[in-house]
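**Student:** FYI, in this note's numbering the residues of the sequence shown are 1 to 359.
DMTMM-like cross-link-like pairs, simulated, lysine to aspartate or glutamate; straight-line CA separation at most 25 angstroms:
1) K61 with E115
2) K328 with E308
3) K91 with D139
4) K154 with D164
Keep in mind the hints are simulated off the structure, nothing from the lab.
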Amino acid sequence: MDQLELLHGTLALPAFFPDATHGVVRTLDFSDVERAGIPGVVMNTFHLLTRPGLGVVRAMKGLHAFTGWQGPILTDSGGFQAYSMISQNPKFGQLRPGGILFRPETGGRIEFTPERCMQMQLTCGSDIIMALDACTHPDAPRAEQERSVELTIKWGRQSREAFDRLARQKYSKGPYPKLFAIIQGGAEEDLRRQCARALVDIGFDGYGYGGWPLDGDGNLLMDTLTYTASLMPDHLPKYAMGLGRPEEIIALHRAGYDLFDCVIPTREARHGRLYAFTGQPPDETGAFYRFVYILDEEHCTDASPIEEGCDCFTCRQHSRAYLRHLFKAGDSAALRLATIHNLRFYARLMEHLRREGKP
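Using the sequences plus the hints, can you model the full thing?
**Tutor:** Written as structure tokens, this is what we have:
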């Protein structure tokens, strides 16, 4: 698939969305994000519900008006938060047949049913809305994987029904946001197949790989990711959720995925780890890029940019020596300039993949 028509523009694929969890890409203004060539962002429904609250988002007429970002926004369903919070500590809530009950550290109760999940994301004005799912770790027992698939299918059907009703009310004759489903099943091929077939029968606008994508040793579950992509319709977008590192993106794109998101480039930037192309063709080995560790002593009087040939604002305006100085001085400008560069690196990687086309 080459492009996706969304409420806030045409999205060329493949595309990378940085995480704007709380309605902001950390350290940046959204004009920085746009100038870096980033087409869209991911915002977190659960965290935005807790702060500033859905009432504020509604009063501000949605996330685009509230944040000032005018490109596509993808919001998640809350299913991953159930995994990251509840599976690690049951005191934070539980999965129920009707949805997910959260008990945040701040107190109170937050319930994510499929219908409420759709209501919240439609209130946000999202371009891509995720159906509620039950996320698992691949090493979880089979009984847990079976329950995850059962709930994901059930909640997927209920999300579809609620979305269709609520979207007609909000958007009248359309166009509507896109509704994506998430395929679960851990590392079990039969469960992945069962989940995918049921969700495809229900019918969605795109499909995502669900579940923690690494095994217990931290290795990417490439076989499972590739198999899951093969279960998704080729004429619809395939979303590798929460991935990836540059070499992972190359491998996953060649496996069929065309939408990616993760915190890696922005997090690495804040720690002074900056990406630079080496001149080699991008491939799964990762030899096509290297890290510039800007805090290293060797950059103290280095007048060159982070990467020769990079067209980002940071590389056009500032030297490695100056950026290192800002980091050493603890100035917030260092984080902004580093993040701009890393996001531009990812945008340039996507541009390369679009030129390369599907293998």
